[in-house]
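Fit chain B to the given chain A structure using the hints.
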Amino acid sequence: MDRLPRGRHGLAPDFVARNQRARLIAGLIEALHETGYKKTTVSQIGRRAEVSKSDFYKHFESKDDCFHVAYEEGVARIRDEIKVACADSDSGWPQRVHGALQALFELFAQEPALANLTLVEGLRAGRGVYDRYQAALDGFAPWLREGAPPPPGGNAAPAEVDLAVVGGVASLLGKRVRAGKTKQLGALLPETLEFTLTPYLGAAEARRIVSAG
Amino acid sequence: MLLTVSTAPRAGAQESPGRPELPRQFIAVHKRRRIMDAIAKLSAERGYEATTIADIVRSAGVARKTLYDNFEGKEDVFLAAFDEAVAELFGQVEAACAAVEGSWPERVEAALEAFLRYFAERPAAAKMCMIEALAATPASSRHYEETVERFAALVREAGPDESGIPDTTAEILVGGVSWIVYQQIRRGETERCLDLLPELTEFVCAPYGR
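For the record, the sequence lines run as chains A and B. If you read the first sequence in my numbering, its first letter stands for residue 1, the second for the next number, and so on. If you read the second sequence in my numbering, its first letter stands for residue 1001, the second for the next number, and so on.
By construction, these hints were calculated from the structure, which means they are not laboratory data. One or more hints might be untrue.
Just some of the chain B residues that point at chain A, by a computed CB distance under 8 Å [unchecked claim]:
#, residue
1, Ala1098
2, Val1100
3, Trp1104
4, Leu1134
5, Glu1145
6, Glu1146
7, Ile1172
8, Gly1175
Within a straight-line C-alpha distance of at most 25 Å, the following computed DSS-like cross-link-like pairs (lysine-lysine) qualify [claimed, not checked]:
#, chain 1, residue 1, chain 2, residue 2
9, A, Lys63, A, Lys83
10, A, Lys63, A, Lys39
11, A, Lys53, A, Lys38
12, A, Lys38, B, Lys1065
13, A, Lys183, A, Lys83
14, A, Lys39, B, Lys1065
According to the in silico footprint, chain A covers these stretches of chain B (three or more CB under 8 Å from chain A) [claimed, not checked]:
#, stretch
15, 1067-1079
16, 1164-1171
17, 1201-1208
Since the structure is predicted, the reported quantities are computational estimates derived from the model, not experimental observations. Yeah, the Cβ is synthetic: ideal placement off N, Cα and C, and Gly gets one too.
Same shape as in the complex, but just chain A (with noise of 0.2 Å):
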């Protein structure tokens, strides 16, 4: 996010006013990735987006307020996404949970501080932030589940399974994401979506789509 002009520049105060929110929230963001939430402060912040410490509180009331917006705008930004990717793929269950892998992952690995924030901090930043991480993992399962054809044995995967593939491949992708690992995020892909497709399809058809490619 660029810094606006110095001194009299004539643009709206509205204007200067979401500039500089959307540059203390990208600023929240960056810090977090430096330094984690616990050692990251206001005057960090500020610094970095280069807003003073009064205009910081302007538009926030504390680094958690802070903290909670950039979480929720993250998430939705994640979400949108993949509804982006979801509705370019072809018809197919599959292609879809495909799509939306591989948007997650790229994304991710263009931003890494991006990742960082959903999927590290977000269960580091105390405990109004569980909810939030909960929330977000919560509401991608019923995305999982939906157009999910029944299982080769004629019973379908419990309600839990989505709640467990969701929950277990986000552990894995912020075990990745606290290791450095972010840009290297893509060459899980594969196996990534055949471990999300095998409850639902069996694990001989979920290898056998993954390595069709």
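Here is chain B on its own, set in the frame of chain A:
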């Protein structure tokens, strides 16, 4: 010794002056245990951050000095309690898995049952291991992650020797099971962890073919 948080001896169970002295070492071990049980109980009730050294020594019925003779401070107590609980948990899961000679699904079920039973019977330890440890301190998150690794390695080792199972499968399985258990504990339904057994067994077995 088990981490029996709910039945841990309290202040009243301390050595009484009129009786013959218990062996020193026994008392020392016992006090150490009480301190670790206290942090599990307190961090489950109010969270790690809100738990103070004063709370711990009061709850354990030991002198402040005893705590510092045994531990460096609050974090050290927490990590020791976590490590011991996890060692016990891991031992029980490993033993359950090894005791069954049947098929992979049967062994998975036995291992998961031991895993879930451990938590169902020890709600405070469950909260400490599965929730508080995640974020209490950077060192506790590291210990948590190392534990997840150990369980993933166990799945890899014990799993059927089938080629074509990706290396990350064990990691995702352990992450997925932890996530479900995490939610169960946060819902306050720790005692009913075993209800999850059928679903989790199915989830863990799926990648290996039904």
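task: Against the earlier hints, flag every one the structure doesn't satisfy and list their numbers going up.
output: 1, 2, 3, 6, 9, 12, 14 and 15
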